[in-house]
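Enquirer: Here the protein sequences line up with chains B and W, keeping their order.
Heads up: the first sequence at position 209 corresponds to 224 in my numbering, and the numbers run straight through without jumps.
Heads up: the second sequence at position 117 corresponds to 199 in my numbering, and the numbers run straight through without jumps.
There could be a bad hint or two in this list.
Below, a sample of chain W positions facing chain B; criterion: calculated Cβ distance under 8 Å [unchecked claim]:
#1 108
#2 109
#3 122
#4 159
#5 161
#6 179
#7 191
#8 192
#9 196
#10 200
#11 208
#12 209
#13 254
#14 258
#15 261
#16 262
Label-pair restraints from in silico Cβ distances [stated by the list, open to error]:
#17 B/304 - W/249: 48 to 54 Å
#18 W/263 - B/109: 16 to 22 Å
#19 B/122 - W/90: 42 to 48 Å
#20 B/45 - W/248: 29 to 35 Å
#21 B/108 - W/108: 23 to 29 Å
#22 W/109 - B/286: 50 to 56 Å
#23 B/104 - W/114: 28 to 34 Å
#24 W/104 - B/122: 25 to 31 Å
#25 W/114 - B/215: 21 to 27 Å
No lab work stands behind these hints: they were computed from the structure.
Quick caveat, the model's predicted, so the values are computed rather than measured.
C-beta atoms are modelled at their ideal positions from N, C-alpha and C, and glycine is treated no differently.
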Amino acid sequence: MDYAYFPGCSLESTGIEFHMSAKAVTKALGINLIEIPDWNCCGASSAHTRGHWISLALPARNMAIAEAAKLDVAIPCAACYARSKQVEVEVSQSAETRAKIEEIIGRPYKGESKARNLTDILYRDLGVDKIAAKVVRPLDGLNVLTYYGCLMTRPPELACDDVEDPVSLDEIMKALGANVLQWGFKTECCGGSLTACRPKVGLDMTQKILDAAIKAGADCIVTACPMCHSNLDMRQAQLAKHDHNYHMPVFFITEMIGLALGMKQKDLGVDRHFIATEEVMCKLEEYEQEQIQKMMNEGGEA
Amino acid sequence: MTLNERQQQNEALRSEFLRRSGVDVSKCYQCGKCSAGCPVGDHMDIPTNKIMRLVQMGLIDEAMQSSAIWLCASCVTCTTRCPKGVDVAHVMETLRQMAKDHNCVAEKNIDKFHTVWMNILHKMGRMYEPGLIVGRNMVTGNIFQDTSFGVPYLAHRKLKLMPYKSNNIDEIKRMIEKAEAMDREEGGAR
Ligand code: SF4
Ligand code: SF4
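Could you build all of it, start to finish, from the sequences and the hints given here?
Expert: Right, dumping it as structure tokens:
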């Protein structure tokens with residue numbers, strides 16, 4: 016399975032764990048990611064506030080490079096995915112849009128090369144059975160909440176999962192052995208760039224999600240968006256200054272898969288989180304020990 | 083400004099809005115669902131459905147001057163749930179773009195954040211977070227805001243220190259300039 020790979024800017028910095036774990040996990044699962052040479056920023060949170068054509072042109076150049084190589088594009092970041100999907104859809108639906116985009120970027124792009132969300136590729140193209148078959152260290156006993164945020168599921172015409180009740184992260188986590196809890200915040204907005212440019216408003220949004228996660232009794236949250244991860248993981252320190260003390264580890268889906276596949280935390284980037292993940296690791300180990308003990312006891316009785 | 087003048091000005095804004103957004107706001111029947119599901123609703127000066135009503139009534143200037151359109155996080159929940167199929171998020175977005183072009187931005191800091199982002203993109207073709215943090219703080223005058231996070235980011239080995247230098251920066255610059263020119267042309271304001 017070959018895909019062009021568009022990591023996007025976040026995965027080179029604040030979301031570097033997603034980059035590391037995505038590469039490690041896809042390799043182990045037989046998915047071949049070929050990074051788009053000299054890709055540019057997709058415009059993410061800003062270009063669309065400026066204008067229609069600038070917001071389409073930026074991702075179009077990357078998509079055009081992939082199309083020349085006749086490859087669909089695997090995109091881990093939810094925001095990059097939505098921006099790239101938008102130009103793919105608009106170009107393939109309107110000859111006029113296509114002509115304008117081709118004129119702006121100075122390359123042909125017909126919309127034949129598809130923007131694909133990496134989680135969706137793992138869930139739909141590869142399938143959870145193939146992932147489950149490679150699990151050597153099941154995440155049994157771990158209570159997780161899946162958090163999709165906005166851009167995997169909205170707007171509906173670009174969504175790669177159900178708009179109100181997405182399941183791809185849930186199904187992958189179940190295949191890894193985890194216990195997936197239910198909550199009403201799967202697709203709630205984390206505040207996006209508001210946490211940086213209007214902290215009061217943004218932090219309020221992040222806080223609501225963390226409160227709900229604590230109430231649900233989760234050991235950790237699992238996401239597939241570097242913006243969501245950054246807000247939920249890093250901003251806990253900022254919230255602590257306002258007397259909200261949280262300790263809620265937040266993982267990328269590919270980190271979770273990597274752990275279940277027996278990979279080292281360091282190789283997945285798990286040691287770079289703001290909120291330490293030791294408790295989650297201890298819980299997994301304790302559970303493993305318990306199971307071994309149980310098996311030995313049962314063996315002794317028989 | 084006389085009432086007559088304001089009416090004329092709003093007529094012009096109204097046709098500009100229609101041309102730029104392509105959204106038929108007359109379909110909205112004011113059920114309020116867009117406001118009910120909006121994650122930023124608590125903080126908005128004018129709730130989303132009232133923005134829709136202002137636009138319906140042709141009071142584009144009032145809608146454009148609200149801070150609500152800038153607090154909108156572009157989460158698209160409103161569009162997804164509107165029972166009349168109105169692209170509410172696109173209305174918010176068009177109003178933001180128009181507010182910028184007509185020089186009536188209510189949330190200057192949010193606007194500046196986007197300006198810094200676009201400037202970095204112009205120069206480098208990719209985001210450069212240290213530049214974003216420092217640049218944003220400089221234009222907002224809030225020099226120390228979030229630099230407290232630059233340091234932990236470094237400690238967690240999350241910031242790339244050197245900006246990426248594209249081999250095709252001229253191509254990327256040309257593309258950005260062309261797209262922006264096209265947006266200006268179609269905006270027809272500025
Ligand atoms: S949800 Fe749609 S119909 Fe209801 S108030 Fe909002 S825009 Fe109008
Ligand atoms: S897109 Fe904006 S207005 Fe619509 S629900 Fe989200 S934050 Fe509210």
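Enquirer: Hints first: check each against the structure and report whether it holds.
Expert: Here's how the hints hold up against the structure:
1. 108: Violated, about 21 Å.
2. 109: violated, 17 Å
3. 122: Nearest chain B Cβ about 6 Å off; hint holds.
4. 159: Constraint on residue 159 of chain W satisfied, holds at 7 Å.
5. 161: holds, 6 Å
6. 179: This hint holds: residue 179 of chain W lies near chain B, its Cβ roughly 6 Å from the closest one there, short of 8 Å.
7. 191: Given a least distance of 6 Å, the restraint on residue 191 of chain W holds.
8. 192: holds, 5 Å
9. 196: Cβ of residue 196 of chain W sits 4 Å from chain B, so the hint holds.
10. 200: Holds, about 6 Å.
11. 208: holds, 5 Å
12. 209: holds, 4 Å
13. 254: holds, 5 Å
14. 258: Because about 7 Å separates residue 258 of chain W from the closest Cβ in chain B, which is inside the 8 Å limit, the hint holds.
15. 261: holds, 4 Å
16. 262: Holds. Min distance 6 Å.
17. B/304 - W/249: 48 to 54 Å: 53 Å Cβ-Cβ, so the 48 to 54 Å window holds.
18. W/263 - B/109: 16 to 22 Å: Cβ of residue 263 of chain W to Cβ of residue 109 of chain B: about 20 Å, so the range 16 to 22 Å holds.
19. B/122 - W/90: 42 to 48 Å: holds, 44 Å
20. B/45 - W/248: 29 to 35 Å: Given a distance of about 31 Å, which is inside 29 to 35 Å, the answer is holds.
21. B/108 - W/108: 23 to 29 Å: This hint holds: roughly 24 Å between Cβ atoms.
22. W/109 - B/286: 50 to 56 Å: holds, 52 Å
23. B/104 - W/114: 28 to 34 Å: holds, 30 Å
24. W/104 - B/122: 25 to 31 Å: Roughly 27 Å apart at Cβ, these two residues keep to the hinted range, so it holds.
25. W/114 - B/215: 21 to 27 Å: holds, 25 Å
In summary, the structure is inconsistent with hints 1 and 2 from the numbered list given earlier, while agreeing with the others.
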